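Colleague: Listed in order, the protein sequences are those of chains A and B. Position in the first sequence counted from 1, then plus 538, gives you our numbering. Position in the second sequence counted from 1, then plus 538, gives you our numbering.
None of these hints come from the bench; they were simulated from the model. Possibly wrong hints are sitting among the right ones.
Taking lysine to aspartate or glutamate pairs in the DMTMM-like style, the calculated list, with each CA pair at most 20 Å apart, reads [said to hold, decoys possible]:
(1) A/LYS681 <-> A/ASP718
(2) A/LYS851 <-> B/GLU764
(3) B/LYS898 <-> B/GLU577
(4) B/LYS898 <-> A/ASP856
(5) B/LYS905 <-> B/ASP884
(6) B/LYS851 <-> A/GLU744
(7) A/LYS898 <-> B/ASP856
(8) A/LYS851 <-> B/ASP884
(9) B/LYS639 <-> B/ASP786
(10) B/LYS905 <-> B/ASP685
(11) B/LYS710 <-> B/GLU672
(12) B/LYS905 <-> A/ASP876
(13) A/LYS730 <-> A/ASP824
(14) B/LYS681 <-> B/GLU805
(15) A/LYS730 <-> A/GLU744
(16) B/LYS710 <-> B/GLU744
(17) A/LYS891 <-> B/GLU726
(18) A/LYS681 <-> A/ASP555
(19) B/LYS898 <-> B/ASP884
(20) A/LYS905 <-> B/GLU892
(21) A/LYS730 <-> A/ASP896
(22) B/LYS851 <-> A/ASP911
(23) B/LYS891 <-> A/GLU744
(24) B/LYS851 <-> A/ASP842
(25) A/LYS891 <-> A/ASP842
(26) B/LYS898 <-> B/ASP848
(27) B/LYS639 <-> B/GLU769
(28) B/LYS681 <-> B/ASP735
(29) B/LYS711 <-> B/ASP842
(30) A/LYS851 <-> B/ASP911
(31) B/LYS639 <-> B/GLU805
(32) B/LYS710 <-> B/GLU726
(33) A/LYS891 <-> B/ASP856
(34) B/LYS891 <-> A/ASP876
(35) A/LYS851 <-> A/ASP876
(36) B/LYS639 <-> B/ASP842
(37) A/LYS851 <-> B/GLU902
(38) B/LYS711 <-> B/GLU673
(39) B/LYS851 <-> B/ASP884
(40) B/LYS851 <-> A/GLU910
Owing to the predicted nature of the structure, the values given are computational and were not obtained by experimental measurement.
Spelled out, the chains give:
2 protein chains.
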Amino acid sequence: MVGAFSASRYCWGMSDDFFAVIPAGGSGTRLWPLSRSGEPKFLLDLLGTGRSLLVETIDRLAPFAPVDRVLVVTGGAHENAVRSQVPSLPMANVLVEPSAKNSAAAVGLAAYVLNQTNPDAVVGFFAADHVVAEEEAFHSVLKTAIDSARSGLMVTIGIAPTEPSSAFGYIKKSDSYDGDAAVHHVGEFVEKPSYLDAQRFLSSGEYLWNAGIFVGSVSSIVAAFEEFSPELAGPLSAIAQHISEGSDISALWDTLPSIAFDYAVAEPAARAGKFLVVPGSFGWRDIGDFASLASAQQGPGSSDVVVVGDSAKVHPHDSTGIVVGSSGRIVTLLGVSDIVVVDTPDALLVTTKEHAQDVKQIVEHMKAQGLEDLL
Amino acid sequence: MVGAFSASRYCWGMSDDFFAVIPAGGSGTRLWPLSRSGEPKFLLDLLGTGRSLLVETIDRLAPFAPVDRVLVVTGGAHENAVRSQVPSLPMANVLVEPSAKNSAAAVGLAAYVLNQTNPDAVVGFFAADHVVAEEEAFHSVLKTAIDSARSGLMVTIGIAPTEPSSAFGYIKKSDSYDGDAAVHHVGEFVEKPSYLDAQRFLSSGEYLWNAGIFVGSVSSIVAAFEEFSPELAGPLSAIAQHISEGSDISALWDTLPSIAFDYAVAEPAARAGKFLVVPGSFGWRDIGDFASLASAQQGPGSSDVVVVGDSAKVHPHDSTGIVVGSSGRIVTLLGVSDIVVVDTPDALLVTTKEHAQDVKQIVEHMKAQGLEDLL
């Protein structure tokens with residue numbers, strides 16, 4: 539697989555000791571009925587590029603980590619789909635969680651597995667379902683983060699905010715690190731703020747979006763688990779040992795607390811001065827609902843109706859919004875504004891961009907009604 | 539077939555000389571994609587009663603005319619569907635128009651065919667796709683009209699208007715006929731008015747909706763064609779002769795002018811004092827678009843979302859409007875107002891009640907794009 543890359547793809551200083559870990563979980567219920575529990579967001583070709591978000595993510599990282607140095611952490615329900623979408627991924631590079639245990643367990647699983655064989659390597663963690671429009675800018679920022687991680691500190695990449703979003707957590711920048719204007723100490727990790735606080739964060743210029751991207755040496759991450767989250771560190775170490783021996787990890791996995799990595803490790807590490815942040819701007823998006831899918835797809839000068847799917851099948855008249863079509867049928871819109879139409883073979887959703895976030899509640903409602911087979 | 543009706547069904551004074559003619563044409567393009575050229579409005583179970591509008595119309599007339607005295611005038615494209623929906627209809631009772639020639643030709647065809655065998659009979663003309671909510675009231679008005687038609691004048695049934703609609707033609711009442719308060723001379727037939735004129739008509743109390751329902755002796759109708767529309771009368775007489783001989787009528791049919799019955803016969807007959815009108819109120823509706831379908835289906839105290847089809851498949855949340863579902867899929871609405879969703883196996887329409895009339899333009903647009911197979 540490595541041979542498939544041309545020399546120019548290695549211009550970012552790829553070295554043999556960088557691994558990319560892709561936690562691939564979450565169902566994306568706000569994208570129902572496109573996203574289903576059996577086919578979550580990261581497995582979907584959400585942008586109509588012919589590649590799923592997972593494959594886009596792996597391809598984007600190829601100049602730093604070819605597939606034999608990519609680990610995907612996912613649930614048993616999605617293992618086959620992941621292997622089928624990325625057939626070049628080596629067998630051992632899919633780490634299957636026996637159950638969903640939140641982000642600390644997923645990060646720790648990969649870190650402890652790598653610690654068995656590559657304790658001196660640098661590893662980066664990248665969500666499976668994010669979009670990056672400007673790949674070169676991303677590569678440049680990632681190189682800075684990797685270089686900084688060789689200090690032994692952990693390094694997050696913070697996204698320069700473009701709007702006062704209350705949908706993301708924030709990272710407050712502190713002093714520059716070692717005189718480098720491109721790297722800062724993390725002041726603090728901040729949970730999703732109110733809209734007013736988000737406005738304040740944006741105008742201050744001191745806050746960045748927390749995209750969950752971070753880099754560190756394997757040993758520094760393992761050390762941070764030992765120091766700040768011993769209740770995870772113990773079982774994780776045993777789990778990695780079991781995996782290397784080919785033993786079943788289910789019983790040990792069940793003992794892990796379900797806790798977010800930020801809460802368990804990153805926040806206390808930042809307070810201890812062990813987390814750096816590299817600010818970046820590379821057209822990053824987390825497509826969380828159909829409104830953000832519409833704006834991700836809406837190029838300048840494009841039509842008033844964004845189509846994800848076969849645009850020849852969609853006939854808009856005096857309408858604005860987004861049509862996501864996967865049923866193959868003709869979709870005709872007439873005089874509807876900011877409409878969201880998601881047309882799948884067994885379920886149809888009609889809503890508006892304004893209600894995009896509320897789709898999650900529909901899914902909960904349907905679950906309560908026993909309609910799981912449609913979710 | 540006559541034996542199938544109980545004696546009580548004949549309480550309206552059914553006699554052996556009343557025939558019902560049902561011109562079944564028109565495609566109902568404002569009801570696309572529910573209504574198609576191959577399956578127009580009159581063949582659809584638009585009200586979810588389990589019966590098409592055509593079958594409802596025939597059943598409604600049964601106390602006056604059993605199926606052996608019902609004639610359906612339709613196009614060759616719909617002959618098989620008509621016979622299949624009304625299997626008891628005798629073979630000869632479907633009159634097939636070689637091409638669509640407007641209402642004068644359809645009315646005249648039936649009148650001249652009946653004139654061959656039943657010149658003294660009384661015949662009534664009833665659209666195939668109208669809705670009557672109050673059947674007993676309709677029967678009472680129809681009996682008055684039939685009784686009045688024995689005078690030798692033609693008699694239309696005018697609908698007491700309930701709103702200032704500009705979607706219908708109007709009939710202006712004139713003096714009472716023969717001292718009967720329930721029957722008037724027709725003052726004039728008025729084409730579809732402006733909204734302002736419709737308001738004036740409504741408040742005057744002198745105008746009725748023209749529902750295209752009329753009754754007359756066969757001989758009086760034939761005489762009216764001879765007097766007011768000789769260019770139709772000649773070919774129609776020859777066509778009826780050909781049909782009785784089993785000869786092909788296509789060549790003769792092609793010579794008929796395409797003209798509305800009101801314009802060719804009813805208006806000049808009214809000016810000559812030969813048309814009476816019986817006002818009626820019987821929950822009459824012409825379901826011309828999805829907005830009128832919604833109000834026809836919206837009972838008092840019913841849900842905010844009208845469902846035509848399997849209501850268990852429709853999940854509305856904070857929404858109002860109408861869902862017409864025939865694809866079997868789940869339809870979920872979230873936060874949409876006055877929405878119109880028409881979900882068929884090969885085409886989906888999303889619009890609002892406000893734009894219900896404009897659906898016709900979509901169909902024309904699709905025709906121009908060569909998408910006839912969907913129309």
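Colleague: With reference to the structure, classify each hint as holding or not holding.
Modeller: So, going through the hints one by one against the coordinates:
no., hint, verdict
1, A/LYS681 <-> A/ASP718, "holds, 14 Å"
2, A/LYS851 <-> B/GLU764, "violated, 52 Å"
3, B/LYS898 <-> B/GLU577, "holds, 16 Å"
4, B/LYS898 <-> A/ASP856, "holds, 14 Å"
5, B/LYS905 <-> B/ASP884, "holds, 16 Å"
6, B/LYS851 <-> A/GLU744, "violated, 50 Å"
7, A/LYS898 <-> B/ASP856, "holds, 14 Å"
8, A/LYS851 <-> B/ASP884, "holds, 11 Å"
9, B/LYS639 <-> B/ASP786, "holds, 17 Å"
10, B/LYS905 <-> B/ASP685, "violated, 46 Å"
11, B/LYS710 <-> B/GLU672, "violated, 24 Å"
12, B/LYS905 <-> A/ASP876, "violated, 27 Å"
13, A/LYS730 <-> A/ASP824, "holds, 14 Å"
14, B/LYS681 <-> B/GLU805, "violated, 23 Å"
15, A/LYS730 <-> A/GLU744, "holds, 16 Å"
16, B/LYS710 <-> B/GLU744, "holds, 6 Å"
17, A/LYS891 <-> B/GLU726, "violated, 52 Å"
18, A/LYS681 <-> A/ASP555, "holds, 13 Å"
19, B/LYS898 <-> B/ASP884, "holds, 18 Å"
20, A/LYS905 <-> B/GLU892, "violated, 34 Å"
21, A/LYS730 <-> A/ASP896, "holds, 18 Å"
22, B/LYS851 <-> A/ASP911, "holds, 14 Å"
23, B/LYS891 <-> A/GLU744, "violated, 49 Å"
24, B/LYS851 <-> A/ASP842, "violated, 30 Å"
25, A/LYS891 <-> A/ASP842, "holds, 13 Å"
26, B/LYS898 <-> B/ASP848, "violated, 26 Å"
27, B/LYS639 <-> B/GLU769, "holds, 14 Å"
28, B/LYS681 <-> B/ASP735, "violated, 31 Å"
29, B/LYS711 <-> B/ASP842, "violated, 39 Å"
30, A/LYS851 <-> B/ASP911, "holds, 14 Å"
31, B/LYS639 <-> B/GLU805, "holds, 19 Å"
32, B/LYS710 <-> B/GLU726, "holds, 5 Å"
33, A/LYS891 <-> B/ASP856, "holds, 14 Å"
34, B/LYS891 <-> A/ASP876, "holds, 16 Å"
35, A/LYS851 <-> A/ASP876, "holds, 19 Å"
36, B/LYS639 <-> B/ASP842, "violated, 41 Å"
37, A/LYS851 <-> B/GLU902, "holds, 17 Å"
38, B/LYS711 <-> B/GLU673, "violated, 24 Å"
39, B/LYS851 <-> B/ASP884, "holds, 18 Å"
40, B/LYS851 <-> A/GLU910, "holds, 14 Å"
In summary, the numbered hints that this structure violates are 2, 6, 10, 11, 12, 14, 17, 20, 23, 24, 26, 28, 29, 36 and 38.
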